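Generate the whole structure from the sequences, applying the supplied hints.
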Amino acid sequence: MSNKKNKKLTPVQQEYQNLAKAKEVKRNVLKNSLKAFLVGGSICVFGQGLQVIFIKYFKFTEETAGNPTSAVLIIISVLLTGFGVFDHIAQWAGAGTSIPVTGFANSIASAAIEHRSEGFVLGVGGNMFKIAGPVITFGVFSAFVVGIIKVTIKWLGGM
Amino acid sequence: MIQGHQSWVFKSKPTILGCGTVGGPFEAKGALAKDFDLLHEDIWVGQDSFEKSEKKLLEEACQIAIKNAKVKKESINFFISGDLMNQIVISSFAARTLNIPYLGIFGACSSSMEGLAIASLLVDNGAAEYALCGTSSHNAAAEKQFRYPTEYGGQKPPTAQWTVTGAGAAVVGKGNGPKVTSATIGKVVDMGISDPFNMGAAMAPAAVDTIEAHFRDLNRDPSYYDIIATGDLGKIGHDIAEEILKKDGFKFQEGVFKDCGKLIYKKDQPVFSGGSGCACSATVTYGHFFKEIKKKKLNKILVVATGALMSPMSYQQKESIPSVAHAVSIES
Amino acid sequence: MEKFFWAFLVGGGICVIGQLMMDVFKLTPAHTTTTLVVVGAILGGLGLYDPLVKFAGAGASVPISSFGNSLVKGAMMEADEYGIIGVLTGIFEITSAGISAAVIFGFIGALIFKPKG
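Read top to bottom, the protein sequences are chains B, V and L. When you number the first sequence by the numbering used here, it's gap-free, plus one each residue, and the end is 159. When you number the second sequence by the numbering used here, it's gap-free, plus one each residue, and the end is 332. When you number the third sequence by the numbering used here, it's gap-free, plus one each residue, and the end is 117.
Simulated from the structure, these hints should not be mistaken for lab results. Keep in mind that this is a model prediction, so the values were computed, not measured. Just to be clear, a hint being listed does not mean it is correct.
Said to hold, decoys possible - Only pairs whose alpha carbons sit at most 30 Å apart, straight line, appear in this in silico BS3-like list of lysine-lysine:
1) V:Lys-247 / B:Lys-23
2) B:Lys-26 / V:Lys-156
3) B:Lys-59 / L:Lys-3
4) B:Lys-130 / L:Lys-26
5) B:Lys-23 / V:Lys-29
6) V:Lys-247 / B:Lys-21
7) V:Lys-318 / L:Lys-26
8) B:Lys-21 / V:Lys-235
9) L:Lys-116 / B:Lys-31
10) V:Lys-156 / B:Lys-130
11) B:Lys-26 / V:Lys-266
What the hints assert, rightly or not - Short, incomplete list of chain V residues facing chain L, as computed with Cβ under 8 Å:
12) Ala-140
13) Pro-149
14) Thr-150
Unchecked claim - The following residues of chain B were derived to be distant from chain L, with all beta-carbon distances above 12 Å:
15) Leu-9
16) Pro-11
17) Val-12
18) Gln-14
19) Lys-59
20) Ile-148
In this text, a Cβ means the ideal position worked out from N, Cα and C, and glycines have one as well.
Have a look at this one:
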């Protein structure tokens, strides 16, 4: 990918970009990964605890307990987003908050809250999926492709 | 009067008669807080949207500048303003309130010096008796338009910058006070940087190009000025610019080459690489530097405001970020 | 008890993969999560994601990759009953709770909250 970019740049531009890269404050990849690991793992542990509660006290099964667990995590994320706290946690935790379903909820809630000034229909309704849209679009499309392939393979196998 | 290829020398030395600077809560905790005319406790400023808040900030800065210049609003011939919002609505709506003939400009974060250069040109050539130039920016409005919703939990890299919430305005005319002596209009420079979270690196080449053009056109060298300040290159862009200028033979004495984005905030504020936004260079110049020149602590400064000329769509279409820088010299 | 340990490890591990995608490959959070959803869908299709969920519990079901797996599962469940058309009709079968909750509570959030900036 970088080779393609280099072909379009003049030598002066290439030289400048090397300088700019050298001056860039290096992201502490190890520290960021550790923070993501800790926060992401903790959120999943919390989710696991919720699942146990839902199975034990609310008559959910291991299969179905994932749904109310996600719902609780989503509600908590929306509240933290609304109180202006989520983005501060996320700046520290990075992927630790954006990879679990908390990140999905935050992307929808933050966009909805932000665009209220443009009205509820076009503002909130129209912008809600601004950031979460790609996840849904590509999730659905890839599931469709995978599904079609699997069904075709099954059919070809004569089952 | 044109000098060299792209510079103006203002023979009649138009004066900055008065300035107005307004800031938000982050700026109130910053390093130059005491040089602001008005500081707000929150970014809403009593309005119900960020965009309306920014408009209020620009209007306030203009009104304070007019008051400090001791001229009647009705005697100001032209209002020159620009900002970061789509179609520069902030400036247009402020112009509606001020009811002064309006020239809208767009230079992204270089708007402050672009406006000051044009205002000075008009006054110097007798095309205006008084000209008002201003600009504004708002952290939340800018994040909403250019990057992500403000409550979104996307991790910002250390090369990112913090858009200043504020506005700066100045009235230019004939009288006593700090004088605008020259201006150099910059060319658009693009070194292929395409990361909107590293605008310092995108803008540094434009700053270098304009600074070198200024010294070339006016046949000066850096020792002429007490301070040469770039608008908002931030730590990374400023370092890059300094290195390239040194390589090209421009030597700065200790403490001469500064950056408004590095000056405006304290070291313990979470602003990553430094301040940015149109209001960054405007509030530091019309607040801090203006006051220092009036107190005769500074005599000759060159402010090189830098702007990144991308749109939210251009970098999604894999375009790089072209930049421009405009320089104005102010002397006591 | 053991499941909590694996939930922590696997969940944290998937987040580390996401962090590396952002820091080393300079992908945006949107690109990162989208990629992980697609990976989840592919692994789900290969029958590899469900065993991970059984093993690590919430460590596999909380990250966004499980969303891709659930979409495929829903599609396949309907396809098993109704043939190829089921792929289309079943996709949101299992993930309905998650998406509905996000939309509903996101909207309620917009009713109650103002952005803090």
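Against the structure, the hints:
1. V:Lys-247 / B:Lys-23: With a Cα-Cα distance of about 15 Å, the restraint between Lys-247 of chain V and Lys-23 of chain B holds, given a limit of 30 Å.
2. B:Lys-26 / V:Lys-156: holds, 13 Å
3. B:Lys-59 / L:Lys-3: holds, 20 Å
4. B:Lys-130 / L:Lys-26: Measuring from Cα to Cα gives roughly 20 Å; hence the hint holds.
5. B:Lys-23 / V:Lys-29: holds, 28 Å
6. V:Lys-247 / B:Lys-21: Distance of about 17 Å is within 30 Å: holds.
7. V:Lys-318 / L:Lys-26: Answer holds: Lys-318 of chain V to Lys-26 of chain L is near 14 Å, not above 30 Å.
8. B:Lys-21 / V:Lys-235: holds, 14 Å
9. L:Lys-116 / B:Lys-31: holds, 28 Å
10. V:Lys-156 / B:Lys-130: holds, 18 Å
11. B:Lys-26 / V:Lys-266: The hint holds at about 22 Å.
12. Ala-140: holds, 4 Å
13. Pro-149: Cβ of Pro-149 of chain V sits 7 Å from chain L, so the hint holds.
14. Thr-150: Hint on Thr-150 of chain V: holds, closest Cβ of chain L at ~5 Å, below 8 Å.
15. Leu-9: holds, 17 Å
16. Pro-11: holds, 24 Å
17. Val-12: holds, 23 Å
18. Gln-14: holds, 18 Å
19. Lys-59: About 16 Å separates Lys-59 of chain B from the closest Cβ of chain L, which puts it past 12 Å; holds.
20. Ile-148: Answer for Ile-148 of chain B: violated, closest chain L Cβ roughly 6 Å.
When the structure is compared with the earlier hints, a violation turns up for hint 20 alone.
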